[in-house]
Amino acid sequence: MKKILMKIGNLIFIAVTLYLCYFIVSAAYNRTPSFFGYRMLRVITDSMEPVFGGGDCIIIKEMGNEEPMIGDIITFVSGDPSLDGAYNTHRICDIAEDYITGETVYFTKGDGNRWTDEYTVSKEQIAGKYVGKVPYGDKLSVFLDRLAEEKFYFIVIILPIVFCLTSCLVQLVREIRRSR
Numbered sequence: 000m001k002k003i004l005m006k007i008g009n010l011i012f013i014a015v016t017l018y019l020c021y022f023i024v025s026a027a028y029n030r031t032p033s034f035f036g037y038r039m040l041r042v043i044t045d046s047m048e049p050v051f052g053g054g055d056c057i058i059i060k061e062m063g064n065e066e067p068m069i070g071d072i073i074t075f076v077s078g079d080p081s082l083d084g085a086y087n088t089h090r091i092c093d094i095a096e097d098y099i100t101g102e103t104v105y106f107t108k109g110d111g112n113r114w115t116d117e118y119t120v121s122k123e124q125i126a127g128k129y130v131g132k133v134p135y136g137d138k139l140s141v142f143l144d145r146l147a148e149e150k151f152y153f154i155v156i157i158l159p160i161v162f163c164l165t166s167c168l169v170q171l172v173r174e175i176r177r178s179r
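Numbering (numbering that gives the first Met the number 0), first residue to last: 0 to 179.
Read the hints as simulated data drawn from the structure, not as lab findings.
The calculated label-pair distances, taken between Cβ atoms and stated as ranges, are: (1) Val141 / Asp110: 21 to 29 Å; (2) Val141 / Glu174: 37 to 45 Å; (3) Phe153 / Asn9: 23 to 31 Å; (4) Ile7 / Tyr118: 48 to 56 Å; (5) Val172 / Ala85: 46 to 54 Å; (6) Ser33 / Ile94: 24 to 32 Å; (7) Thr100 / Glu65: 15 to 23 Å; (8) Ile156 / Tyr98: 44 to 52 Å; (9) Glu96 / Thr16: 45 to 53 Å; (10) Gly101 / Val15: 44 to 52 Å; (11) Ile69 / Val141: 28 to 36 Å.
Below 25 Å or equal to it, Euclidean Cα-Cα: the simulated SDA-like pairs (lysine to any residue) are: (12) Lys6 / Leu19; (13) Lys6 / Cys163; (14) Lys2 / Val15; (15) Lys60 / Gly70; (16) Lys6 / Thr165; (17) Lys60 / Tyr129; (18) Lys108 / Val130; (19) Lys60 / Val15; (20) Lys6 / Glu174; (21) Lys122 / Pro32; (22) Lys138 / Ile154; (23) Lys128 / Val141; (24) Lys128 / Arg113; (25) Lys132 / Leu40; (26) Lys138 / Asp110; (27) Lys128 / Tyr37; (28) Lys128 / Lys138; (29) Lys60 / Ser140; (30) Lys132 / Arg113; (31) Lys60 / Gln124; (32) Lys138 / Phe153; (33) Lys60 / Glu102; (34) Lys6 / Gln170; (35) Lys6 / Val161; (36) Lys138 / Glu148.
Note that the Cβ used here is the ideal one computed from N, Cα and C, for glycine as well.
Whole structure, please, built from the sequences with the hints as guidance.
Below, the structure written as structure tokens:
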């Protein structure tokens with residue numbers, strides 16, 4: 000029984016380590032990591048009040064072949080030069096066909112804004128559809144801000160990884176000595 004629990008523990012450790020590697024590589028390339036098609040994002044502004052506001056963490060789901068509809072809240076790579084290609088999460092308020100390209104375009108608007116966004120959104124720009132708000136996401140947001148600080152990043156990410164790798168090496172050395 001002890002061996003089975005050890006193997007399960009090792010599998011969980013390997014899975015978590017691989018996911019952390021994926022998370023780190025994704026972050027290095029400025030891509031939001033996806034977990035089974037879901038992503039967690041932090042909201043910067045209050046443009047979607049009262050649904051969610053600045054500091055909240057939201058969950059979006061990749062849409063795949065699903066067609067966006069009026070009323071859907073979507074996250075997209077903004078074409079607005081002032082946002083510099085950052086994600087924006089707004090509600091679709093109209094759908095039209097671009098008369099030049101024939102492509103479907105989406106008009107979006109923040110629930111807390113008076114006017115629709117100046118730039119339309121194409122299907123290729125859509126990262127996902129809003130699923131919900133993370134409970135205590137504002138607290139998580141503060142924690143993530145802290146994590147961005149170098150000393151906290153070291154304590155919360157690097158130190159535990161080094162500890163786990165050291166633990167694995169010690170176990171490996173013990174197993175090798177036992178087998179001799």
